[in-house]
Each structure stands twice: as structure tokens, then as C-alpha cells.
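Number of protein chains: 2
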Amino acid sequence: MSFPRAPISFTLVHYPIRNKVGEDIATAVTNLDIHDGSRLAATYGMEHYFLVTPIEEQRSLVCRIRDHWITGPGTKRNPQRQEGMKRVEHANSVEDVSEFLTKKHNVRPLLVGTSAKATGEQAVTYEGLRQHLAEKDQPILLLFGTGWGLSPSLHNTIDLFLPPIWGPTDYNHLSVRAAMAITLDRLLGRHGS
Amino acid sequence: MSFPRAPISFTLVHYPIRNKVGEDIATAVTNLDIHDGSRLAATYGMEHYFLVTPIEEQRSLVCRIRDHWITGPGTKRNPQRQEGMKRVEHANSVEDVSEFLTKKHNVRPLLVGTSAKATGEQAVTYEGLRQHLAEKDQPILLLFGTGWGLSPSLHNTIDLFLPPIWGPTDYNHLSVRAAMAITLDRLLGRHGS
Numbered sequence: 000m001s002f003p004r005a006p007i008s009f010t011l012v013h014y015p016i017r018n019k020v021g022e023d024i025a026t027a028v029t030n031l032d033i034h035d036g037s038r039l040a041a042t043y044g045m046e047h048y049f050l051v052t053p054i055e056e057q058r059s060l061v062c063r064i065r066d067h068w069i070t071g072p073g074t075k076r077n078p079q080r081q082e083g084m085k086r087v088e089h090a091n092s093v094e095d096v097s098e099f100l101t102k103k104h105n106v107r108p109l110l111v112g113t114s115a116k117a118t119g120e121q122a123v124t125y126e127g128l129r130q131h132l133a134e135k136d137q138p139i140l141l142l143f144g145t146g147w148g149l150s151p152s153l154h155n156t157i158d159l160f161l162p163p164i165w166g167p168t169d170y171n172h173l174s175v176r177a178a179m180a181i182t183l184d185r186l187l188g189r190h191g192s
Numbered sequence: 000m001s002f003p004r005a006p007i008s009f010t011l012v013h014y015p016i017r018n019k020v021g022e023d024i025a026t027a028v029t030n031l032d033i034h035d036g037s038r039l040a041a042t043y044g045m046e047h048y049f050l051v052t053p054i055e056e057q058r059s060l061v062c063r064i065r066d067h068w069i070t071g072p073g074t075k076r077n078p079q080r081q082e083g084m085k086r087v088e089h090a091n092s093v094e095d096v097s098e099f100l101t102k103k104h105n106v107r108p109l110l111v112g113t114s115a116k117a118t119g120e121q122a123v124t125y126e127g128l129r130q131h132l133a134e135k136d137q138p139i140l141l142l143f144g145t146g147w148g149l150s151p152s153l154h155n156t157i158d159l160f161l162p163p164i165w166g167p168t169d170y171n172h173l174s175v176r177a178a179m180a181i182t183l184d185r186l187l188g189r190h191g192s
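The listed protein sequences correspond, in order, to chains A and B.
In terms of numbering that gives the first Met the number 0, the first sequence opens at residue 0 and continues consecutively.
In terms of numbering that gives the first Met the number 0, the second sequence opens at residue 0 and continues consecutively.
One or more hints might be untrue.
For chains that are exact copies, the list does not tell them apart, and a pair is met inside one copy or across any two.
[To be verified] With a Cα cut of at most 20 Å, we get these calculated SDA-like pairs of lysine to any residue:
{"id": "1", "residue 1": "75", "residue 2": "163"}
{"id": "2", "residue 1": "85", "residue 2": "72"}
{"id": "3", "residue 1": "116", "residue 2": "169"}
{"id": "4", "residue 1": "75", "residue 2": "18"}
{"id": "5", "residue 1": "102", "residue 2": "189"}
No lab work stands behind these hints: they were computed from the structure.
Here the structure is a predicted model, which is why all the values come from computation and not from measurement.
With the rest of the complex left out, here is chain A (with noise of 0.2 Å):
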């Protein structure tokens, strides 16, 4: 039996990003967001690696990038960036991607959130969310936030909220792309080779 059933699809989110004191800002897509995510997207099977801006520039930066790995000069110089860089998309908002998600699945996605808080209500354990993967056909988006974290205005559109990320510290101010990679490692590793 295949693992996962569903296909899965996780988002870095520009805005709307809670900035320390507790605003709403967009922040900047940063090159290396983009690199990092897409590898583990290919690793880790995602369908699509959605970068969220409302920002047109900061999109079409997203479109120079990936199409340098996967048409441009990029595919002679690194070719397995290429496998990654396939799945990278760009979008204006949150609702645009999982309205694309939506028409091309025919079922509305489950938004699962991330947050270096506990959010309280919600809650899905990772056993839990693994277990939906392994029995379930509806297709999944993770959301992770850049900056203090996805804007609270946010938490009507998410259906379930993963715990925080911790170690045996009570430090946990981990960067997006640590807490991206060890949340897909949690959710879908193979933990036992």
C-alpha cells in the first residue's frame, strides 16, 4: 500500500506574517527558501511547493529562479536541482492556492498550519496527521510562515494546527527551513532504514 495516499502540498508564506511586535507585514522571498524547500519537496514526494506573495516582482524572482534550474543553465550545472524546481509554484494568497488545489483535486484541501506556539484549539498530533496520510484521499497543504509566524488572521482558513517543534531544550526559535524540513521528516520520513 502506497504512503502517502493523498497527495500533499506545503506552502511558505510571505504574508499575511506576524512581524515581532505582533503586525501584519509581507516579508521577502529569499532565494535560498526557495532551493531548500524545493529539494525537500522532491525528498519528501510534495506535489507542489507554493511560495505565497502578494508581491508581483517577488513572484516573477520566483518564476527566474526555477525556470533557471529546470530550463535554463541551472539543468547543465546542477541537474538533480532540476527534480526539486518542478514543483516550486508561486501564489498571491493563501485562498488562491488551495482554490487551485480545490479545482484540481475536485476536493477541497485540509489546511494544516504550523506554529512555534501552541495554538490550543485545532491540535493534530504528528502521529495523527501521519495516520490521516496512510487512510485518507484528501489532499493536504501544509503552511509554514517566514518572519514571527503566519498572521493570526490566518486561523479562520486552517483546519488543524501541528504542535510546535521541540527538543529537549525549551528553546524552540528554529529558521522556517529547519522547522519545514523536520515537520516533513516527522510526517513522512522513512525513520526506520
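The hints should help you fit chain B onto chain A, whose structure is shown.
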């Protein structure tokens, strides 16, 4: 009982590293690797995070960035970075790191390598190393390679190798930032919470 029992450090090696045609090279230290690694170090309770390079200018760069966040302007801008940056060290070689830890703890650390390719001999599973961490006092030094991975010339000094990281696909070209995050989480993460 505390977990882990023994102090653990990790090292991001910039020399000797394989390039894509298998030659030994030195790679460049990058700012984001210092930041992402230092935040992992604080989250997973690492004693030290060593950046290894024989290039003196690059070791100075590590110092300047670290000091900016520990005693410089960064302490006000983002106080949480301090906790991670305090663990950042630099060294000329893996041997120097091993000697430093040997002197500090009066016992040679167990050197554990990582690789995107199975190394065959000297293999230890994640579960096996987790058990070591729970039961034994010998300090651990985890080694991560930049570029195309740790040079085979280091293999003689490495005691054990962790297996490559796999998701549900046959692609495993992760960024070293992702590999560090996933490895530390597999070994030390609180997965039940």
C-alpha cells in the same frame, strides 16, 4: 533521568569536502548556515556548533557574526539569537575539534558522520544512537559536510555513520541545513508532544 546523558556537539565541515567530480575542496562559510545551525544548537541542546575551515578570513567572519549577536547590536534587535550564537565556535580542522572536546571532557568524543550515500561499514541506526544518548556518557560529535559531502579522507577518523535520510521517494539531495535539522530531530526531538 535526563536525556541525553552525554554532551553533544555538531560540526559543519567546509574542508575537506568533495566537489561534484569527487575532488577535495574547501567551501565557503555562509551567514545563513551560522544562523540556522545556531538556532538548531539551542533547540536541541547542543554543547557547541563548530564551523570548520582552514581559511583564517572565514573563521574571522564566524567570530564577527557571532559577536554581533552576543555582544553587538544584534542583542537588542533579536535577543533570542544570543542563546544559539553562544554555542557557535570555529576550528581549523575536524582533528582540532576532536582534540578540543577530548581536553574538555577528558575522554575522546565518538565521531559520528552523516552522508547522503550509504557507507556500508561503521553503520549505526538513528534508534541505536538514540539509545547510546540515553545510556552512555561518552560525548558525541556529529559531522555534516557542505558541498557534495565529507571527503573520504575523513572516514578513518569517523567512528560511526548514520544512514542517509530518506522520505517516501528515491531522491535525497537535501540541503545541509535540512539534513542537520532532520538528523538532530530524529536523535533528540520530543516526537510525542
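Each hint tested on the structure:
{"no.": "1", "hint": "75 with 163", "in the structure": "neither (39 Å within a copy, 25 Å between copies)"}
{"no.": "2", "hint": "85 with 72", "in the structure": "within (15 Å within a copy, 40 Å between copies)"}
{"no.": "3", "hint": "116 with 169", "in the structure": "within (12 Å within a copy, 33 Å between copies)"}
{"no.": "4", "hint": "75 with 18", "in the structure": "between (39 Å within a copy, 15 Å between copies)"}
{"no.": "5", "hint": "102 with 189", "in the structure": "neither (31 Å within a copy, 37 Å between copies)"}
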